[in-house]
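Trainee: The chain contents come next:
Number of protein chains: 2
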Amino acid sequence: MSAKLMVGTELAAEMVASAGERAKKLVEETGVQPCLATVLVGDDPASATYVRMKQNRSKKAGIGSRSVVLPAATTTEELVAEIGKLSADPAVHGILLQHPVPAQIDERAAFEAIAPGKDVDGVTMHGFAAMAFGEPGFVSCTPGGILRLLQAYDVPLEGAHAVVIGRSPILGKPAGMLLLASNATVTYTHSKTRDLADIVRTADIVVAAVGRANFVRGDWLKPGAVVIDAGYNEGNVGDVHFEEAAEVAGLITPVPGGVGPMTIALLLEQTVEAAEAQTRAVSETVAHQLDHLS
Amino acid sequence: MSAKLMVGTELAAEMVASAGERAKKLVEETGVQPCLATVLVGDDPASATYVRMKQNRSKKAGIGSRSVVLPAATTTEELVAEIGKLSADPAVHGILLQHPVPAQIDERAAFEAIAPGKDVDGVTMHGFAAMAFGEPGFVSCTPGGILRLLQAYDVPLEGAHAVVIGRSPILGKPAGMLLLASNATVTYTHSKTRDLADIVRTADIVVAAVGRANFVRGDWLKPGAVVIDAGYNEGNVGDVHFEEAAEVAGLITPVPGGVGPMTIALLLEQTVEAAEAQTRAVSETVAHQLDHLS
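Heads up: the protein sequence lines correspond to chains L and B, in order.
Under my numbering, the residue at position 76 of the first sequence is numbered 76, and the numbers go up by one with no gaps.
Under my numbering, the residue at position 202 of the second sequence is numbered 202, and the numbers go up by one with no gaps.
Since the hints were made in silico from the structure, they are not lab data.
Built from N, CA and C at the ideal position, the CB exists for glycine as well.
It is possible that part of the hints are untrue.
[What the hints assert, rightly or not] Here are the computed lysine-lysine pairs in the DSS-like style, where the Cα-Cα straight-line distance is at most 30 Å:
1. L:Lys-85 - L:Lys-60
2. L:Lys-85 - L:Lys-59
3. B:Lys-222 - L:Lys-222
4. B:Lys-192 - L:Lys-192
[Claimed, not checked] Per label pair, the in silico range of CB-to-CB distance:
5. L:Lys-60 - B:Ser-191: 40 to 46 Å
6. B:Glu-77 - L:Tyr-153: 40 to 46 Å
7. B:Ala-103 - L:Gly-84: 36 to 42 Å
8. L:Ser-67 - B:Asn-233: 55 to 61 Å
9. B:Ser-191 - L:Pro-136: 52 to 58 Å
10. B:Val-286 - L:Ala-17: 57 to 63 Å
11. B:Ala-109 - L:Gly-84: 23 to 29 Å
12. L:Arg-52 - B:Asn-233: 53 to 59 Å
13. B:Asp-43 - L:Glu-10: 39 to 45 Å
With the sequences and hints as input, model every part of the structure.
Mentor: Encoded structure:
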């Protein structure tokens, strides 16, 4: 292979360590431990594994977790009510709803029950628009992780042509918006795109977020392109045919060890950030009330 | 010229007539007249003209209007408070904040003071995400008008390559999202894009939304391309060099008479829709309360 690897593992470990330090500092200064609530609906083993992994990483970083597990037959109303309770609970700073949820649930309604200030996974409509408009808010963790990786490897984004393959609300769409906010020229491609390979061949940066194993082939790439594989398919296989792509690309993320660890790192970082912001808001309110009393 | 004109005037007149009929029906059935509140800050003559035009068209369609005019020195807080009052006022169904607002104002904060159910101009973060995700909500009027025009002229969108020039939050960005929702492949280009002409030459559909007179030239176009000129610059000039482009394009919007009238038509249509929805919600609440009383 000729491509250089973009390794997420190390960078993610640094981010998690730094989040852990901030968490520790918050506990020392205020007695508040950041807390991430995870919500899992049903008994899909892969989803259960993801949630457990996120809880374990949280614990290692000194972030508390609250685990909500609901039966597969949960209704939208029940899930919305449960998430609403977490949104209102001052001891919970961040909320992660593991997706996909069972088919009978209106996933969008469930996401929207997450208070924007606790949307540390970046799945709400408010979060999406904030990413698109450069307003304050939490980013979707995988797209946000991709941006950090590109920055860490000094990939020039301004004026670069980024082709995003896939347009899901939590991956493709926000990834494109974050790249656009970094002044890249962004093309959204998807299942209805004609001549996909030809379009990908014009890309300086390719983000594969389509959920199909080995979908992007080596001869789709411009020599020297930066290839970000956000796919994670059965058998630890990405959306990019790694062996072929690595012969052509300039930089490429491995699967696993590329985008995946960055996603979790960003989740933890944003949970700590949420806890800091909420704690600050509470102490400002208290100070304000004390002012009024004196 | 070889291109066929995409005339907005006629289609817009039909839409306004239909909105007028719905407004009349609402008055007859419920006594409620749809009402659009316009908010103008400062004394920019062009903005004042736009607002007056929108009020006149509203009146012709049987839509009432409420006019709020604020001094150029208005602060963000004052404007937000004023818009908040309109958001809470049950006699107001739609709110239009004429932009641009004076530089000292945080325009985003002002837009966000518009209740999503009254955001008939489609400028809120919620509205943008709704367009991107295909959720219920009002569309930005110019992008929404462009889509209607493309549909009226039977332009195939699925799989077509649409290149959007410009990325403003109320024009370029939502136009791209609406085209993407219609299964087009969408490329966002802007001031930092390299080789813009080459990219535009790959487009089946070009949306020019950059605000620079005669910016898009004829030799940037693929023969037969559909050219949407959303620009409106001094002297009634669009963003596209019309004479050159009309020699190459298959379909092209004139300026004026193309996108412009569609924008206002959609504003009126959405105002009536908002009035219908709000009136329906009120009567459902009343029915519910009567149920409880009986």
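Trainee: Confirm or reject each hint.
Mentor: To see whether the hints hold, each was checked on the structure:
1. Restraint check for Lys-85 (chain L) and Lys-60 (chain L): the C-alpha separation of about 26 Å stays at or below 30 Å, so the hint holds.
2. Straight-line distance between C-alpha atoms of Lys-85 (chain L) and Lys-59 (chain L) comes to about 23 Å, which keeps the hinted pair within the 30 Å bound.
3. The straight-line distance between the Cα atoms of Lys-222 (chain B) and Lys-222 (chain L) is roughly 23 Å, inside the 30 Å bound, and the hint therefore holds.
4. For the proposed pair Lys-192 (chain B) and Lys-192 (chain L), the alpha carbon gap of about 28 Å is at most 30 Å, so the pair holds.
5. Between Lys-60 (chain L) and Ser-191 (chain B) the beta carbon distance is about 44 Å. The supplied range of 40 to 46 Å therefore holds.
6. Distance hint check for Glu-77 (chain B) and Tyr-153 (chain L): the Cβ-Cβ separation is about 43 Å, which falls inside the suggested range of 40 to 46 Å.
7. A beta carbon spacing of about 39 Å between Ala-103 (chain B) and Gly-84 (chain L) agrees with the range 36 to 42 Å that was offered as a hint.
8. One distance hint, 55 to 61 Å for the beta-carbon pair Ser-67 (chain L) and Asn-233 (chain B), holds here, with the actual separation near 57 Å.
9. Distance hint for Ser-191 (chain B) and Pro-136 (chain L): a CB-CB separation of about 24 Å, inconsistent with the stated range 52 to 58 Å.
10. Here the CB-CB span from Val-286 (chain B) to Ala-17 (chain L) is close to 59 Å, well matched to the stated 57 to 63 Å.
11. Distance hint for Ala-109 (chain B) and Gly-84 (chain L): a CB-CB separation of about 26 Å, consistent with the stated range 23 to 29 Å.
12. In this structure, Arg-52 (chain L) and Asn-233 (chain B) meet the distance hint of 53 to 59 Å, their C-beta atoms being roughly 58 Å apart.
13. A beta carbon spacing of about 58 Å between Asp-43 (chain B) and Glu-10 (chain L) contradicts the range 39 to 45 Å that was offered as a hint.
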